[in-house]
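Student: If you want the building blocks of each chain, they are given just below.
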Amino acid sequence: MQLVLEKRAERSNTIALISPLIAIGLTIVTMVILFAILGKNPLLALQAYFIAPLTDSYSLQEIAVKATPLVMIAIGLSLCYLANAWNIGAEGQFLIGAVAGSWIAVKTQGTDAGVWVLPLMLVLAAAAGALYALIPAICKVKFGASEILTSLMLVYVADLFLDYLVRGPWRDPHGFNFPTTAEFDPVATVPLLIEGGRLHLGSIIALLVVAAVAILLGRTIKGFEIRVVGAAPRAARFGGFNSNQLIILTFAVSGALAGLAGIIEVAGPVGHLQPGISPGYGFTAIIVAFLGRLNPLGILIAGLFLALTFIGGEQAQIAMKIPLDVTKVFQGILLFYVLACDSLILYRFKLVFPNRQVARGTG
Amino acid sequence: MELVEAIILAVLAASTPLLIAATGELVTERSGVLNLGVEGMMIVGAACGFAGAWLTGSIFIGALFGIVAGTLMSLIFALMALGLAVNQVATGLALTILGVGLSGLIGAGFVGERITPAVHLTIPGLTDIPLVGRVLFGEDPFVYFSLALIVGIWWFLYRTRPGLILRACGDNHVSAHALGYPVLRIRTLAVMFGGACAGLAGAYLPLAYTPFFIPGMTAGRGWIALALVVFSSWRPGRLVVGAYLFGAVTILQLHAQGWGVGIPSQFMSALPYLATVIVLVLLSRARTGGSTAPAALGTVFVPDR
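Going line by line, the protein sequences match chains C and E.
For the first sequence, the working numbering begins at 1 and goes up steadily by one.
For the second sequence, the working numbering begins at 364 and goes up steadily by one.
To be clear, the hints were calculated from the coordinates, so they are not data collected in a lab.
Ideal placement from N, C-alpha and C gives every residue a C-beta, glycine not left out.
Errors might be hidden in some of the hints.
[Unchecked claim] Computed list of chain E residues with no C-beta within reach of chain C, every gap over 12 Å:
#: 1; residue: 459
#: 2; residue: 482
#: 3; residue: 496
#: 4; residue: 499
#: 5; residue: 586
#: 6; residue: 601
#: 7; residue: 604
#: 8; residue: 619
#: 9; residue: 629
#: 10; residue: 637
#: 11; residue: 666
[Unchecked claim] For the chain E half of the interface with chain C, some residues (derived, Cβ under 7 Å), not all of them:
#: 12; residue: 446
#: 13; residue: 448
#: 14; residue: 449
#: 15; residue: 456
#: 16; residue: 460
#: 17; residue: 461
#: 18; residue: 463
#: 19; residue: 465
#: 20; residue: 548
#: 21; residue: 632
#: 22; residue: 643
#: 23; residue: 658
#: 24; residue: 661
#: 25; residue: 665
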């Protein structure tokens, strides 16, 4: 018995729409098996993962808070992936953005600096993220160095740089030697949307980003160029589109968005700069981008869904002692199923039995 | 002199996991498949390798656990990227994300445990020779194995018919298919070999390098191994040079931290990663005349019937 792929005459639009749902369904089936292996009641575990977080206002806000960086980063990554530029170092761009924005917060600490602090932090973070992303992009365009490897290597560098700052020059002198900066001043903090709640202005910014990129991709020439360069490089060359310029552009935009997400996370839910500000947002955002089919609206939904798994994972750990790593396994498996189901859009799967094959004489 | 010997020994130990993982990936890439999941396969190999050694008390069985774990991981990749013709870059990333989660799950129960690391070779008389004795005759078995492996792979790729066929698949899968070679089967085997090597390289870390398991202990070595394959221009000989150069950078920055050079330790720790970026840029630049990469690397192949 052999699995054979048969190219469809044209891409199946029905499957393009339902393939993320099939993938989520298959992932849940796999998770049920994994929970059973771990000796946990699968139904209770699924309830803790996917239902419990949706039942109280605090968790619902928390989902939106977690989805904010995921959506912002994934939107940027989707532009790169559409243009066939492989930025996988968003985690590093996120951290550098957080560092650059925090610089203003640390320097203005305790001064009577006005309302311009936060806007300046956001702008600087976006600029730093973009510049950091331009390193792999320029290495790719000028020297042909694999952007996959260089962007990833820079994640480790950013991580170490942040670690150095909070252990060295920026450490809170009253922080009992913990590696963290002092809590940011109120003018350097992202304002909350609901008094006493968790939801903050960052979520609104994320929604604006989704809308802006939806317009960019759907309504502008640049958006069209990005899609053509990725989908049909030859056609793009004949069309005179400059693919190198698009690599630079998409990397810069995705770096800026990741940097922005970084400072919003630090100046919002976290409140100070410290190591471990990201539970791997930059990598999870890759899954979000693919699960959302590289489409802005899809990414918004996918971001909320993966945020749900983060919150659900924490609740399942508290309620049922399910290890947090299960969430990462879940996310990895989900990406596999998403990719496998995407294959169904272009191909038909067929099982072929060798003896019949011989009879047809096509061996 | 004692210090020089110690540094050489440390460089060899630091280079060995890079060399083993990169050897596997070299074969995979020579068959035309780009598996970016090396880091994921390595970290699962590390967790399973430690588990095997801790449960049985045998380093050898631990290494076998690592190899099997890496191979199983690579089979997921083969099913996706070769069986279902999914984009290889995305699949490799998924494999790494999955591997990091799985290794945390498998290794959780073993954090804080210790094992007796792999014993080093001792040949009375030879091992005691000053300076070179321990370097040549006092290594752990993995070091000798890694060197035997790369020599074996050189011989296989350039001196045997199956090696030639494998390279043909990597350079032009359509022609190889037309000649009647089972491209997908050959590639699956190459991917499995890459997985076995990555698993073994991961297992080396808790079995010989540090005698315990910590989550995330591969610390990007899988990615550096991928960069090494590019560095080597897909040639086994240069791979050895590259792996030892990187091992040397890693060890020298550690020693520099110890000597109290006035540079913050984080900057020194960032050196291997920065070195990777710089090397990739310099090499790619030197090579603008024509690529030495296997021509069909990373492209999807669906046989016509």
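Student: State for each hint whether it applies.
Tutor: Comparing the hints with the structure gives:
1. 459: Non-interface label on residue 459 of chain E violated, nearest chain C Cβ at 8 Å vs cutoff 12 Å.
2. 482: Per Cβ check, residue 482 of chain E is outside 12 Å of chain C; nearest 32 Å; holds.
3. 496: Non-interface label on residue 496 of chain E holds, nearest chain C Cβ at 36 Å vs cutoff 12 Å.
4. 499: holds (33 Å)
5. 586: Residue 586 of chain E not clear of chain C: closest Cβ-Cβ about 5 Å, inside 12 Å.
6. 601: holds (17 Å)
7. 604: Since the minimum Cβ distance to chain C is about 18 Å, residue 604 of chain E lies beyond 12 Å and the statement holds.
8. 619: holds (15 Å)
9. 629: violated (4 Å)
10. 637: For residue 637 of chain E, whose nearest Cβ neighbour in chain C is about 6 Å away, the distance does not exceed 12 Å, so it is violated.
11. 666: violated (8 Å)
12. 446: holds (6 Å)
13. 448: holds (6 Å)
14. 449: holds (4 Å)
15. 456: At 6 Å from the nearest chain C Cβ, residue 456 of chain E passes the 7 Å test, so the hint holds.
16. 460: holds (4 Å)
17. 461: Holds - the Cβ of residue 461 of chain E comes within 7 Å of chain C, reaching about 3 Å at its closest.
18. 463: holds (6 Å)
19. 465: holds (6 Å)
20. 548: violated (10 Å)
21. 632: This interface hint holds because 5 Å falls under the 7 Å limit.
22. 643: holds (4 Å)
23. 658: Where the cut-off is 7 Å and the nearest Cβ of chain C is about 15 Å from residue 658 of chain E, the hint is violated.
24. 661: Violated, about 10 Å.
25. 665: Constraint on residue 665 of chain E satisfied, holds at 5 Å.
Going through the hint list in order, the structure does not satisfy hints 1, 5, 9, 10, 11, 20, 23, 24.
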